[in-house]
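Engineer: Could you put the whole structure together from the sequences, leaning on the hints where they help?
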Amino acid sequence: MKKLNTLNLLVAAVTASALMTFAPIPGEGQQKGGRGGKGKGGPPGGEQYGPYYAAPVTPGEPVGRTPDGQPDMQGFWTPRFNQAIFEVQDHPTRQPGIGPGKGAIVDPADGRIPYKPEAAAKAKELMSKNIYLEPEAHCYVSGVPHAAYQQFGYQIVQPAGYVLFLTEYAHTYRAVPTDGRPHISPNVKMFRGDSVGKWAGGTLVIDTTNQNGKTWFDMAGNFTTPAIHVVERFTPVDTNNINYEAVVDDSTIYTQPWKIVGQLGRHPDKNMELMEFACVEGNQDLVHYTEGAGGKAKEKGPLTH
Amino acid sequence: MRYRTAVILSVIASVPLAAQSYKAPRTPDGHPDLQGIWQVMNTAAVNLEDHIAMLDMPAGRSVIVDPPDGKIPYKPAAAQQQKENFKNRAKADPLNVCYIPGVPRVMYLPFPMQIVQTPKYVVIASEFAHSLRRIYMDGSKHPDVALFWIGDSRGHWEGDTLVVDVANNLPDTWFDRSGNFHSDALHIVERITRTEPDLLTYEATLDDANVFTRPWTIRMLLYRHREPDFKLLEYECNAYLEDAAKESR
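Keeping their order, the protein sequence lines are chains R and Y. Number 1655 in this note's numbering belongs to position 266 of the first sequence; there are no gaps in the numbering. Number 300 in this note's numbering belongs to position 30 of the second sequence; there are no gaps in the numbering.
FYI, nobody ran anything at the bench for these hints, they're computed from the structure. Here the structure is a predicted model, which means the values were calculated and not measured. Ideal placement from N, C-alpha and C gives every residue a C-beta, glycine not left out. Each statement offered as a hint is correct.
Sample of chain Y residues facing chain R (criterion: CB under 10 Å; computed from the structure):
#1 C368
#2 Q387
#3 S401
#4 R404
#5 S410
#6 L440
#7 D442
#8 D499
#9 C507
#10 E512
Structural biologist: What follows is the structure, encoded as C-alpha cells:
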C-alpha cells in the first residue's frame, strides 16, 4: 500500500472529523446510557445508544402474529448495546476517536474478544489507522452482527417467508428468507454475507456465513475474516422490546466463540419514517481514498450501465 | 388536460386482452400480490429512446409509449444539455461514481430487485448498491423537508394497479446511460400491475416543466426470477470503485 503523504493525512483528518459530526466521541456523561435523555435524533425523554437516540425501556403488549404466523416484530427499532457502535468489546481507556466505554460482549466474561495473539496484533495495527481504514468511513455496508447494532436503528418488515431489516444508515437492507432454504455456495462472498433464518418458538434465529472479511465490528479495528460464522437470535419480549444475542465464531482468529447481547426498543413516534442517509453521494473520502491514493476514480469510465 | 386523456388511452391500449382476464392473487389484506424478485429484459438503462449499439451499450427500441414518436419531449436548451451529457457520459453519469440511481432508473437497471408488501408499505430493494425504495401506503403526504436521491414515494391502489406518486427528487440523477436527465421539478406517477403470474407491467409518467414540453410515459415488463431459491446478492459499487482505483496504481 502506498504511503500516505502529509496532505492526505490532513484530508483524512478533516474527513474523519466530518464523520465525527455523525459519530462524536462519547464524553464521560454519556457512559451511563439511559439516564441523560440526550441521545440525538429522537423525541425527548429517550435513552442513548452511544450518542444516538434509543427508545426508553417501556413495557408493551403481548407479541402479536403476522398473517403467516410469525411473531410480529414489525416497526422501527432503536438499538441499546452500550458503546458497541464505537468498539464492540469493553474499552476502558481512551483511544484515537473513541472514548472509554463498555461494549456488548458477555462471553467471555471479561467482555473482550478472545483473539489469538497474531489476530490481536492485527486489530491493534488496524486501530492505529482507523481514521483511514474504518469501513464505514468508506461507506461500506456493515457486516453481521454489526448491522444489528447500527446507529440510527432500523425498520423490520415481515412479508410471508421473509424478515427484512431496512436500515437508515447508508440506506441498506437485509432480506432474510425464513423458508428453510440452505446457504448459497461458499464461493460467493459478500460484505453482508448470506443469511438464512428460521423461527424457533418465539425466537428468530439467523445463521450468517459467506461474509467477505472486509467489514469491522466497530470503529476500532476489530476486523473479520471470510471464515466468520454468526448465529443471531432475536426474541421479541413484548411489542416494545426485543432481546438480541449473537454468537460469533471464527477459528482462524479467535480461541473460542464469543457472544454479544443487546436490546432493541421500539421507537415511540407513531409517525416515524426513516430518512435517506446517502453516504457515497456526500462522502469526500471517495476523493481521498481514490484520487488521493493515486487513482482517479471519476475517470475510470463506465463501470455499469 | 389533453395529455391526461392521452395517458389514459395509452394505459388502456397497453393492457393485452389476455391480461385483462388475469386476476392477481391477494395479500392477506386483500391487495394484489406483487411480491417476488423481478428484473427487466430490456436496454432502457442504456437509453430510454431508440438507440443503436455502441461499446458496452446494446441496441434497443424506445420504451417511451407517449409521445408516439418514442422520443423525450425536451425543450430546446434541455435537448442540447442531453447531447452534452451523452458526450460526457463516461465521466458524468452519476452511476459511474456509484450514486443512488433515483426513480425510475432503479427500476430498469440490469440488476434484480425484490418487492415486498405489508399493509402500510411496499418496499422495493434493488441489488444495485443496496438501493432501497419505501413506498408509503398509509395515505400520507410527501414531506416538505428535503429532496432525496431516491425521491419520496407515496402509493395507493387503483383497482389492481399500484399507483405511486414520486416527488422530492434530487436533480442529480439521470434516467439512463445516455444522459437523459431532469431537474428538481421532476414529478413521477408510476403504475405497476401484475398482468400475468410472472409479469409486472411497469409504467411511469414523467413531468418536469423545466426540462420537458409535456409529460411523457415509459412502459416495460418486469419478469419474475423463477430460479429455485433465487435471492438478491450484492453489488457494492463504491467498494469496487476503490478496488479499481487501487489496481490502477
